[in-house]
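Number of protein chains: 2
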Amino acid sequence: MMKDLPLSKVYQLLEPGPVVLLTTARKGRANVMTMSWHMMVEFEPPLFACVLSNANYSFAALRATKECVIAVPALKLASKVVNVGNCSGREVEKFERFALTPVPAERVAPPLIAECFANLECKVVDTSLVNKYNLFVLEVLKAWTDPAQKHPKTIHHHGYGRFVVDGEMIRLKSRMR
Amino acid sequence: MMKDLPLSKVYQLLEPGPVVLLTTARKGRANVMTMSWHMMVEFEPPLFACVLSNANYSFAALRATKECVIAVPALKLASKVVNVGNCSGREVEKFERFALTPVPAERVAPPLIAECFANLECKVVDTSLVNKYNLFVLEVLKAWTDPAQKHPKTIHHHGYGRFVVDGEMIRLKSRMR
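Top to bottom, those sequences are chains A and B.
To convert, take the position in the first sequence, counting from 1, and add 32; that gives the numbering used here.
To convert, take the position in the second sequence, counting from 1, and add 32; that gives the numbering used here.
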């Protein structure tokens, strides 16, 4: 169902700033959170950074296991994405509650999310700013896309439940990749 | 012309992942580059991180002066934003070449850009990952918006000259700010 995405193209998913889901697995239990504080750090191997509140249940799991999956949801999942963000894995089995389908990953223990149009298997590679800023640097080991989801529109958080949906794509003569 | 923006609202500008401009000033000369590898790190005081290629002329200026302005352009500036990214301050006086209007900032030496709908005066607060990842952590000292630009649409980079323009805004019941 999921198709390989070349690692050289991963930045095209994260650089535009979509709201994403982050899955972790600890002591045999998978969890998922909503996140949009992330940025690319290097093209290939793809490195990115993200900031998680240390109040999040996922923060401790990511710090302990050093593995996660970043799953990119399209607009149709928007209300689930918000609901995932409105509760904690301390109290809720989120995959079950929100009918998200965990799929085994290839390189890491946390699951992919079947309903997301892209999934990135990641390991933490730098924790030097975790204590100071809750900032992790991660490497994407393996990337997947769902070919059945054509031209997915992502959502971008503007605060207090306001999200901007992707609009038209324009093409300009950029020399940058 | 520009109006104060409360620092508590700065994350609403950067979190959605727009392409931004970054101005520096060194030895009396202002320069500007295009950037979209950035993320929020803390709400207030607003901290964000960004990654600049060390091949960029602005990289050395930011490292040396520890000051910049992040200017957020709307769609109408898209072709200028790409042109700014297609050349280097080593060869080009970009403000003049692309008819961008520098405006003195209040707290830092680099200029605001009059044509942008928001401008953030910033100082570098952490350089510990600059050598390893070209990653700077900055604090926003002062923020401005242009009240004449209502509902500006930003652009989001998808690689190779493809940019997605902001579409509709949706509202969902999020408990998150």
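Since the hints were derived computationally from the structure, they do not count as laboratory data.
Just to be clear, a hint being listed does not mean it is correct.
If several chains are the same, the list does not tell them apart, and a pair holds so long as it fits within one copy or across any two.
Once the Cα atoms are required to be at most 27 Å apart in a straight line, the calculated DSSO-like pairs of lysine-lysine come out as [stated by the list, open to error]:
#1 K35 - K185
#2 K205 - K112
#3 K182 - K98
#4 K205 - K59
#5 K185 - K205
#6 K205 - K108
#7 K155 - K205
Each hint tested on the structure:
Only within a single protomer do K35 and K185 lie at most 27 Å apart by alpha-carbon distance; the minimum there is 19 Å, versus 33 Å between protomers. Proximity of K205 and K112 under a CA criterion of 27 Å is satisfied inter-copy only: 11 Å between copies versus 37 Å inside one chain copy. Neither within a single protomer nor between protomers do K182 and K98 lie at most 27 Å apart by alpha-carbon distance, with minima of 32 Å and 43 Å respectively. In the homo-oligomer, the alpha carbons of K205 and K59 never lie at most 27 Å apart, since the shortest distance is 50 Å inside one protomer and 31 Å across protomers.
Both within a single protomer and between protomers do K185 and K205 lie at most 27 Å apart by alpha-carbon distance, with minima of 23 Å and 20 Å respectively. Taking CA atoms no more than 27 Å apart as the test, K205 paired with K108 passes between copies only; the shortest distance there is 15 Å, against 32 Å inside one copy. For a Cα distance limit of 27 Å, the shortest separation of K155 from K205 qualifies neither inside one copy, at 35 Å, nor across copies, at 32 Å.
Checked against the numbered hints above, the structure breaks hints 3, 4 and 7 and satisfies the rest.
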